[in-house]
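Peer 1: Residue numbers (my numbering), protein chains in the order written: chain V, 1 to 403; chain S, 1 to 403.
You can trust all of the hints, since none of them are fake.
Chain copies aren't distinguished; within one or between two, either way the pair holds.
Lysine to any residue pairs mimicking SDA-like chemistry, simulated, CA-CA at most 20 Å apart:
# : residue 1 : residue 2
1 : LYS70     : ASP112
2 : LYS146    : TYR273
3 : LYS70     : SER84
4 : LYS87     : ASP112
5 : LYS164    : LEU260
6 : LYS70     : LYS87
What the hints contain is simulated information worked out from the structure, not anything from laboratory work.
There are 2 protein chains.
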Amino acid sequence: MTGSLNISAVGRPAFFLIRLPVCVAQRFACLTFLAYAFLAAWPVGAQRPALISPEVLQDRRVIFRFYAPKAQDVRVSFERGGQSLTKGAEGVWEATLGPLDPGSYRYVFSVDGASVTDPRNIETERMQVVTRSILHVPGAAFMDIKNVPHGAVAVVNYYSGVLKKFRRFHIYTPPGYEANPKRYPVLYLLHGANESDDSWSTVGRAGFILDNLIADGKAVPMIVVMPNGHVDQTPPDLSFLGRTLPSRPGGPQALRVELLDFPQEFAKDVMPYVESHYRTSADRAHRAIAGLSMGGSQTLNIALANPEKYSAIGVFSSGILGENVADWEKARLTTLDDPNSKKGLKMIWFSTGSDDSLITYTRATVEMLNRHGFNATFEESSGAHTWVNWRNYLYQFAPRLFR
Amino acid sequence: MTGSLNISAVGRPAFFLIRLPVCVAQRFACLTFLAYAFLAAWPVGAQRPALISPEVLQDRRVIFRFYAPKAQDVRVSFERGGQSLTKGAEGVWEATLGPLDPGSYRYVFSVDGASVTDPRNIETERMQVVTRSILHVPGAAFMDIKNVPHGAVAVVNYYSGVLKKFRRFHIYTPPGYEANPKRYPVLYLLHGANESDDSWSTVGRAGFILDNLIADGKAVPMIVVMPNGHVDQTPPDLSFLGRTLPSRPGGPQALRVELLDFPQEFAKDVMPYVESHYRTSADRAHRAIAGLSMGGSQTLNIALANPEKYSAIGVFSSGILGENVADWEKARLTTLDDPNSKKGLKMIWFSTGSDDSLITYTRATVEMLNRHGFNATFEESSGAHTWVNWRNYLYQFAPRLFR
Numbered sequence: 001m002t003g004s005l006n007i008s009a010v011g012r013p014a015f016f017l018i019r020l021p022v023c024v025a026q027r028f029a030c031l032t033f034l035a036y037a038f039l040a041a042w043p044v045g046a047q048r049p050a051l052i053s054p055e056v057l058q059d060r061r062v063i064f065r066f067y068a069p070k071a072q073d074v075r076v077s078f079e080r081g082g083q084s085l086t087k088g089a090e091g092v093w094e095a096t097l098g099p100l101d102p103g104s105y106r107y108v109f110s111v112d113g114a115s116v117t118d119p120r121n122i123e124t125e126r127m128q129v130v131t132r133s134i135l136h137v138p139g140a141a142f143m144d145i146k147n148v149p150h151g152a153v154a155v156v157n158y159y160s161g162v163l164k165k166f167r168r169f170h171i172y173t174p175p176g177y178e179a180n181p182k183r184y185p186v187l188y189l190l191h192g193a194n195e196s197d198d199s200w201s202t203v204g205r206a207g208f209i210l211d212n213l214i215a216d217g218k219a220v221p222m223i224v225v226m227p228n229g230h231v232d233q234t235p236p237d238l239s240f241l242g243r244t245l246p247s248r249p250g251g252p253q254a255l256r257v258e259l260l261d262f263p264q265e266f267a268k269d270v271m272p273y274v275e276s277h278y279r280t281s282a283d284r285a286h287r288a289i290a291g292l293s294m295g296g297s298q299t300l301n302i303a304l305a306n307p308e309k310y311s312a313i314g315v316f317s318s319g320i321l322g323e324n325v326a327d328w329e330k331a332r333l334t335t336l337d338d339p340n341s342k343k344g345l346k347m348i349w350f351s352t353g354s355d356d357s358l359i360t361y362t363r364a365t366v367e368m369l370n371r372h373g374f375n376a377t378f379e380e381s382s383g384a385h386t387w388v389n390w391r392n393y394l395y396q397f398a399p400r401l402f403r
Numbered sequence: 001m002t003g004s005l006n007i008s009a010v011g012r013p014a015f016f017l018i019r020l021p022v023c024v025a026q027r028f029a030c031l032t033f034l035a036y037a038f039l040a041a042w043p044v045g046a047q048r049p050a051l052i053s054p055e056v057l058q059d060r061r062v063i064f065r066f067y068a069p070k071a072q073d074v075r076v077s078f079e080r081g082g083q084s085l086t087k088g089a090e091g092v093w094e095a096t097l098g099p100l101d102p103g104s105y106r107y108v109f110s111v112d113g114a115s116v117t118d119p120r121n122i123e124t125e126r127m128q129v130v131t132r133s134i135l136h137v138p139g140a141a142f143m144d145i146k147n148v149p150h151g152a153v154a155v156v157n158y159y160s161g162v163l164k165k166f167r168r169f170h171i172y173t174p175p176g177y178e179a180n181p182k183r184y185p186v187l188y189l190l191h192g193a194n195e196s197d198d199s200w201s202t203v204g205r206a207g208f209i210l211d212n213l214i215a216d217g218k219a220v221p222m223i224v225v226m227p228n229g230h231v232d233q234t235p236p237d238l239s240f241l242g243r244t245l246p247s248r249p250g251g252p253q254a255l256r257v258e259l260l261d262f263p264q265e266f267a268k269d270v271m272p273y274v275e276s277h278y279r280t281s282a283d284r285a286h287r288a289i290a291g292l293s294m295g296g297s298q299t300l301n302i303a304l305a306n307p308e309k310y311s312a313i314g315v316f317s318s319g320i321l322g323e324n325v326a327d328w329e330k331a332r333l334t335t336l337d338d339p340n341s342k343k344g345l346k347m348i349w350f351s352t353g354s355d356d357s358l359i360t361y362t363r364a365t366v367e368m369l370n371r372h373g374f375n376a377t378f379e380e381s382s383g384a385h386t387w388v389n390w391r392n393y394l395y396q397f398a399p400r401l402f403r
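Model the full assembly from the supplied sequences, consistent with the hints where possible.
Peer 2: Here you go:
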């Protein structure tokens with residue numbers, strides 16, 4: 001019995017088309033060809049030569065590699081800074097950075113001016129309109145994966161009646177949630193501008209931070225809901241293409257859309273979905289909300305629209321944004337001065353880094369809230385407007401909840 | 001009161017460093033600067049100009065765009081075929097393909113020989129060692145998102161005692177699972193070579209297929225567990241780099257590792273984790289397993305090691321691989337001829353496309369099983385070794401389960 005194995009049929013592109021004899025009588029040849037057909041299938045084959053990027057060394061230096069045989073200039077870019085890669089054998093560019101502080105970083109390669117993710121890195125972040133590669137440098141115990149009981153992080157799709165389209169959120173359910181049919185408190189946790197419902201679970205490592213806090217007995221088991229705070233996934237400016245494409249206004253108007261429209265969707269779609277589908281303790285004492293940057297401002301808009309719903313509010317590296325504090329205050333005077341707004345509010349916690357220029361917004365917002373009798377606390381941290389701080393803030397904020 | 005807003009502090013790289021006056025008295029200027037600081041933050045700013053890719057038109061033609069101001073040659077590559085892009089204004093390359101059949105496709109751009117994902121596309125697949133961009137062309141009702149009750153797809157991290165490392169699986173819980181504390185049947189669903197636990201939920205659209213089948217009353221609500229069938233995430237061959245890097249054997253030996261080691265991990269880590277953490281009906285009548293290609297061969301190795309555990313087995317575009325059928329048979333004679341292996345086995349279902357060269361393996365495996373008294377059915381489909389078939393097979397297989 002003889003046959004033939006068409007390599008393209010297991011996925012390699014047409015230019016790799018080779019028909020190999022497969023002969024059951026010659027067993028070794030059969031197994032060799034079959035194995036290569038699988039292991040050299042298109043997804044890897046199209047990216048020869050094989051290489052690893054990023055490679056994290058024991059001393060926390062990191063090697064980045066990128067295959068670009070004809071490029072003149074390849075760089076790796078982080079949110080702050082970057083470095084040129086050097087061309088080596090077989091068109092593989094390489095750079096070694098660090099040692100880097102433990103943590104997660106997002107980065108891209110810039111190849112002759114074209115910005116691309118690292119195709120060899122399977123860790124990515126889905127942002128608002130782009131994908132980013134994620135590097136994790138282990139060594140910070142509070143956010144590394146450890147051999148402790150783990151929760152689960154799910155993606156949930158739903159139809160938003162407010163926005164008239166399909167949307168999604170991420171939801172962390174703590175260890176024990178599936179087996180133990182009790183109810184759990186809920187933290188709603190919002191991302192920043194340009195990010196998405198994916199961000200807290202990738203670069204933000206929220207699931208690992210919660211797993212570790214719960215395992216150490218430092219936080220109570222809780223559900224964490226991470227919605228998508230951008231109401232639109234299209235980039236703001238496409239006119240240069242000279243054609244009509246889906247678009248949305250840029251500049252101040254776009255930010256105001258996020259700050260005002262998302263809170264509507266949150267109140268009418270996100271929270272009702274979570275509370276009708278998950279085993280939440282749906283009362284004020286067991287409901288908290290927090291967010292970073294744009295999400296911190298959304299948090300204030302959401303929570304102060306219905307303060308009777310939340311027992312804890314967290315604002316990370318933010319304050320009232322996109323609107324004058326005095327105007328914001330004037331529009332909410334009744335709520336701000338209502339004793340019921342404060343009666344069950346155990347905590348309204350701000351933290352912003354001393355090098356973060358939004359600290360002036362934080363201060364103005366805290367001062368205004370406290371003028372109305374709120375007991376807002378502001379813990380100024382070191383650092384700037386970065387995920388280093390936001391992961392730390394979650395690690396500090398979550399243990400204080402639902403006690 | 002005046003302040004200053006450092007744009008780099010909200011994320012733009014140092015070369016964009018501009019200090020802008022922020023003046024609360026001049027409200028319009030404040031809001032403008034603040035909004036741009038957010039919306040033009042690094043993740044988008046580093047990928048100017050703004051553009052959309054891929055753009056799916058009403059007639060199912062698809063426009064791909066890629067910004068590469070200095071490139072000489074840009075192509076978009078699918079698993080079968082591809083097309084060159086044409087350079088247009090401002091360094092934006094563009095190509096229009098199709099109309100394409102409804103469905104999900106994975107693709108990369110090839111830029112002067114460097115293979116990269118589409119950085120503007122937020123839909124990606126995490127494969128074994130690389131990331132891929134995913135294009136979804138709507139129009140196939142069974143796999144599109146619809147306004148029906150949706151389940152959730154979670155990522156679960158666990159420590160594998162067999163493999164001595166952290167691993168993960170995806171798990172689909174059906175609509176109603178969280179609210180209704182009953183037990184559910186379980187389908188274990190395995191991916192193919194080069195793929196990962198992510199693949200059935202991205203290019204495979206398993207969650208949407210199940211949501212739609214359940215909403216139509218065509219399938220019973222079930223849990224679907226999608227483990228990682230590769231025991232190693234490192235590429236097989238790195239020696240050309242002239243340095244010692246994490247590696248693993250290539251060729252036949254690597255395939256045999258997947259086919260033999262993963263079933264051990266499945267039996268000792270994956271299934272026990274699922275059955276102790278989720279509300280499964282943990283008996284033969286409520287447990288099924290299926291897989292595609294390499295995962296189909298793993299399915300046979302897993303199920304025939306413990307046939308008393310499964311009431312349904314699905315093998316998609318596969319058969320016994322990496323091993324001679326006669327050898328495989330000889331090693332399992334006792335099990336194959338044990339009446340208990342067949343007593344509660346309601347279905348052992350194979351489907352392979354007539355253009356798929358693995359069809360000879362399917363036929364040989366079905367023939368061998370039926371020689372031992374199994375009632376294996378083989379439904380030959382049209383098509384080849386592609387996700388078009390695997391999504392269709394899931395759509396045909398799932399409705400037959402747990403009835």
